[in-house]
Every structure is written in C-alpha cells, then in structure tokens.
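Novice: Heads up: the protein sequence lines correspond to chains A and B, in order.
Position 167, counted from 1, in the first sequence is what my numbering calls 167; the numbers after and before it change by one each time, with no gaps.
Positions in the second sequence are counted from 1; adding 268 to them yields my numbering.
Keep in mind the hints are simulated off the structure, nothing from the lab.
Predicted, not measured: the structure shown is a model, and the values here were computed from it.
Idealized CB from N, CA, C, for every residue including glycine.
Hints may contain errors.
Label-pair restraints from in silico Cβ distances [stated by the list, open to error]:
hint: 1; chain 1: A; residue 1: L130; chain 2: B; residue 2: E370; range: 48 to 56 Å
hint: 2; chain 1: A; residue 1: R3; chain 2: B; residue 2: K401; range: 32 to 40 Å
hint: 3; chain 1: A; residue 1: L103; chain 2: B; residue 2: Q447; range: 50 to 58 Å
hint: 4; chain 1: B; residue 1: K401; chain 2: A; residue 2: V229; range: 44 to 52 Å
Residues from chain B shown here face chain A by an in silico Cβ test under 8 Å; the list is partial [claimed, not checked]:
hint: 5; residue: I346
hint: 6; residue: P516
hint: 7; residue: G517
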Amino acid sequence: MSRAGIRRTYGAISGTVLAFIVLPLVVIVWVSFFANRILAFPAHGYTLDWYARALDTDAFRDGFITSVQTALFATAASLALGVPASLGLVRGRFPGRDAVQALLLAPMVVPGIVGGAALFIAFIEVEALLDIQVAGTIGGLLVAHTLIALPWTIRLVSASLASADRAIEEAAASLGAGPLTVLRRVTLPAIRPAIVAAALFSFVISFIDLEKSIFLVGPGRTTLQIALVNYLEWNLDGTVAAVATVQILIVGAALLVSDRYARLAQAF
Amino acid sequence: MSTTVALRSLIKRYGGFTAVDDITLDVPEGQLVALLGPSGCGKTTTLRMVGGFVETDAGSILIGGRDVTRLPPAKRNIGFGFQSYALFPHMSVAQNVAFGLEMRRLPRAEIASRVARALDRVRLSAMSDRLPKQLSGGQQQRVSLARALVIEPSVLLLDEPLSNLDAQLRGEMKLEIRQIQKAMGITTIFVTHDQDEALSIADRIVVMRAGRIEQDGSPEAVFGAPRSRFVAEFMGVTNLLPGTVEGPGLFRLADGNAIRVPGAVAGRGTTVLAIRPERVRISFPGADTEPDMLDAEIEAATYRGLSVEYRLRTTSGLCLTARRATPATGGPVMLEPGARVHVAVPPDACHFVPVEL
Ligand SMILES: Nc1ncnc2c1ncn2[C@@H]1O[C@H](COP(=O)(O)OP(=O)(O)OP(=O)(O)O)[C@@H](O)[C@H]1O
Ligand SMILES: [Mg+2]
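Just chain A, with the same shape it has in the complex (with noise of 0.2 Å):
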C-alpha cells in the first residue's frame, strides 16, 4: 500500500473508533433537549425542561451533592498519601518495593465490580470486630474512593518523578538545601504538573464510579451515579439524558484540563 494509502486506511480506523467513542455521548447530550416524555427517536420538539426536573429531584440534588463531596474528599486524600508514597517508592531503597508498588495500583486491574465486593465484605469484618458501622455511612464511602483514586495518583506521580532530574535536587542540596527544602523548593514544583493532573484525574475517577459505591451506599447517602441507576430502575425519560450531560460535561471539562497538566497516556 502506498504512505497515502496507509495514512488514509489509517485516519478512516481512527475515526471509527472515534465515532464509537463519541456517537453515545452525543446522542444522549442531544436527547435531553427532546421534548418527548419517554426517552424515544425521532424529536417531538426540543425543551430545556428536564434540566430544570433534574434539578427539582430530591435524589439527583442530594447525589449531586455527595458526590462532590465525596470526590474531593478522595482527591485530597489520595494526594496527601498518594504523593509521599510515590517519593517513598522512587526514592526510595527497601526491600519489597516493587512487591509495595504492585500491591498499591492492584486496584486499578481489579474490576471494579470485585473490589466493591471486596471492600463491602472487608467493612463488614470491621464491623463485626470493631462494633461499628462502616458499611452505608460516609466514612466508608470516603475510604473506598480514596482507594479508587489512590492508584492513579501513584502512577501519574510516579512517572513524573521517575522521569524527572535527579541532578536538580543535588545541585539544591549542593547550594545549602536540607532534604525537607529540596522536596518543598525543588522536587514538588518539578512535579507540580502531574500532581495537579492527579488531582483532577482523582476527582473524575471517583465521581464517575458506580461499581464499588454500589454496595457501600446508605440510605440518604447516595452518589450521583447511584441515583440515576435507581430512577432509571422506574423512568425511563430525559431527565436522565439531563444529568448524563451535566455529568458529562465537568468530567470532560475535569479531563482537559489535567490533560493539559500531563499526559494522562503517562499514567499507562
């Protein structure tokens, strides 16, 4: 085949690919203008109604509410693990620290699904042992979406500490830095943008789960993802499409952002 041949055969896979990704999104981001009372093809007019449903929707506000709460609580949490566990394992020297490594971005292929189970049946034991609830509260919920979004602060840091100059932390030590003034003068603004990468990436990746919130909800205490699984279990209109474009559009716009802070590609 020729270059233009192959470069073509190549836009064309890309584009599918592309379409596949982005026709759902489109699709739902269109049908929550229809005016239609079940969500259906083709447009009986367009409305801005559902917007204003959703809003007026006890569960998708309060969810709304949780989940944002819950994100930033996980994304301040997995940094302020995150990041001195990723100094601990590039700088550091101990043995079993790839063992240490691999165990803490385990949860990443993990299905989600699994390590809900897991955690559930872990809060359970706790429970059992400790005489508290942990299971449906909000602090279980904290815990396992600090752990969903750890791993990925651990990657993103990691890479970027991996990669950076040791050489500059030398030469600041070397111009009378102690080691607390080289990581606060020297290493952390080095690798500020894939902290702030993280952080944003921490942010979306708990927002959006539903399979490990799934058993650790309580009642009252429901994320976003969650209230719409549950109103979709009985409606089937365009309020959903509503939410899903709301949803759609911090998480898109929380993506690139970071993505201009780090290639999210480092994180893999």
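Fit chain B with the ligands to the given chain A structure using the hints.
Specialist: Chain B with the ligands in isolation, oriented as in the chain A frame:
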C-alpha cells in the same frame, strides 16, 4: 574562602566492583586540577564523593583541613557544576542564582546585588528573568556556573561542564571558566575525558584508570613524559614500539631495526619506545638524508585539515603513524598511499615507558 582539598585513600565499591580504588590527592588552594581518564574510570564517582552525593566506603575527604567525609552536601560549602547543568526548571535565571544565597539567609538586598554581580560576570544580566528552557546550552552552562560561584564556595567541582556544547562554544566557555577561576582564585576539580581540554585548562592533570591514579603531574609532564603505556596512548602517542636497549644510546626494535636514542642505558630488558606521531619525520628518497632513516611505504593517509596522518610500514614490517603538517603553499598536500618514503625519528622525540604485564 577558597581552600585546599585533600582526598585520603578514597574507596567506593558498587557490589563487588571497585569504582574508586584508593585515591589520594592533594589540591592546593587556587589550583585547577583536571581528573582525566576514559569512560568508566571513576572520575564522576570521585567528584561526587567530594560533593557529598556518593557515600565513601573508606578513606576521608578534607576541605580546608576539615574532615567532611560524613557531612551532607548542604554542609560542605561546595559549588557543583553538573554535566546536564541541573538548573531549576521552574525558576528564572535570577531565582536560580539566588537560591544558594537564600539558603544562607542573607538579607534580600545583598542577595539582589550579589546575583546581579554574578550574572554580570557571566554576561547574562539581560537574561535574568528568563526561564532555563528559554536559554541556549551555552547560556544555561553560564547560569549553572554563576549559581555555583555566587555562594563563594570553598571548592568548585565541575563534571564535564563542556561536553554538551559545540566545538566553538566549548572553546569559549573553557577560556571563560579558566578566567573566572583564576580571578576568584578558587580551588577547582574539573572532570573531563578530553585530553585537549585538560591540557589547556588545568594547572595539573590527574590521569585515572580503573579507579586508580595512573599519573599526576603538570600538563607538560603528562603530555611530554607519560609514565605508562596507558597514559601515553591516552595522550595521543600512537607509536609504541617494544624492544631492548642494546648498547648505550642504541634501541633495538623487535623487528631487528635499530634507532639511536641518546642517553638510553642498556640492560633494562624489554621496554617500550613511545614516539608521538607528529615527531615522526617523513622525507622522499633522494632528498635530504638523515641518520637512522628507515625505508617505508605509505599504507594510508587521512586528511585532518591542519595535518595529514599517515600509516606507514617499513620494509622490515614495522607499523608507524606519522602526522605531518599540511604544507602552507606549494607541493602536494597529501602523499598518496603506495608512495615510498624515508622515515626518521629525532632522538629527542623518543621516550621510554615500561612494558605492561
Ligand atoms: N550507582 C552506581 N551503581 C553501580 N555502578 C556504578 C554506579 N555509578 C557508577 N558505577 C560504575 O562505576 C564506574 C565509574 O563510574 P563513573 O561514573 O565514575 O565513571 P566516569 O569516569 O565518570 O566515566 P564517564 O567518562 O563515562 O562519565 C563505572 O564502571 C560505573 O559503571
Ligand atoms: Mg562521568
């Protein structure tokens, strides 16, 4: 300020491999010493031990008489120039240079004036607000130099500071480093694997080999009187001819030919005669005759601009290289392979080094 550096029996091992093997070196105040040697001989490791970035396994390091062997880099008051420059990417040129002064908690005004002076010294005042990535390699090198020197370190340690620059810039920077080093009178250890660089910048050259010091002396001594076959080869001596001193002043080559070497004393057994290629003289048969001429044929010729390098084989089978200045005017620039010539070695170009086991 500037002061002496002393290394006492320094040893560094990586696993079973000894990277630095019993290095002892005294650098007097204000001297620029070049650590010279091939890749992997332990130059960087030695320098990094002095800087405090690599722990020593044995031996000690004294700076100004004070034992710093166990001190962290921050407490050694050294200026370190990294091969990659290692500028802080998120700080401007001025902030980079100010860093060491901030660590010393100097008043703001003094920091500003010292940074300005340091940048002025490396002719970068106009660039003080730029980020490192907005500078050329040579400019980054000068920032790293200014940053290392502004703290008025006791010692300046430079690891191949010129290796990332192009030939012309390397020449300029070499002069600049030397000039600043002399002006400040700062004791300096300069790591390089380039013999020309070492010869032209250093007060003294320490040739290293496999973690040990092979020769330690002035540039003239190391160049003119290499102590071993290894140093001779490293300094560009291409003719290393084994043989024996047969009688007073007479060296018998392995192939049976003899070369007159005044002052040579018989009875040393097998030794190696070292002759720099540019000291080997080539003349045409029938032209001026000299004593001790050998008949040879040109096997190969390589044009090098200012000179032409010839590989010669004598009728008795001896292989020699000669370097001949390119004639300024008239005459052929290069002699063609196959040409028959006379080869002569001036007696004062001969130098003996021991045979290595
Ligand atoms: N961290 C390390 N772990 C194991 N071996 C090392 C380490 N650092 C250096 N070495 C080994 O020690 C030897 C000396 O290395 P060093 O970097 O000092 O060489 P060098 O003389 O600076 O060479 P070059 O001219 O290539 O920079 C080399 O054989 C190197 O492989
Ligand atoms: Mg080196």
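Novice: Each hint needs a verdict: does it hold in this structure or not?
Specialist: Structure-based check of each hint:
no., hint, verdict
1, A:L130 to B:E370: 48 to 56 Å, "holds (49 Å)"
2, A:R3 to B:K401: 32 to 40 Å, "holds (34 Å)"
3, A:L103 to B:Q447: 50 to 58 Å, "holds (56 Å)"
4, B:K401 to A:V229: 44 to 52 Å, "holds (48 Å)"
5, I346, "holds (6 Å)"
6, P516, "violated (57 Å)"
7, G517, "violated (55 Å)"
Of the numbered hints listed earlier, those contradicted by the structure are 6 and 7.
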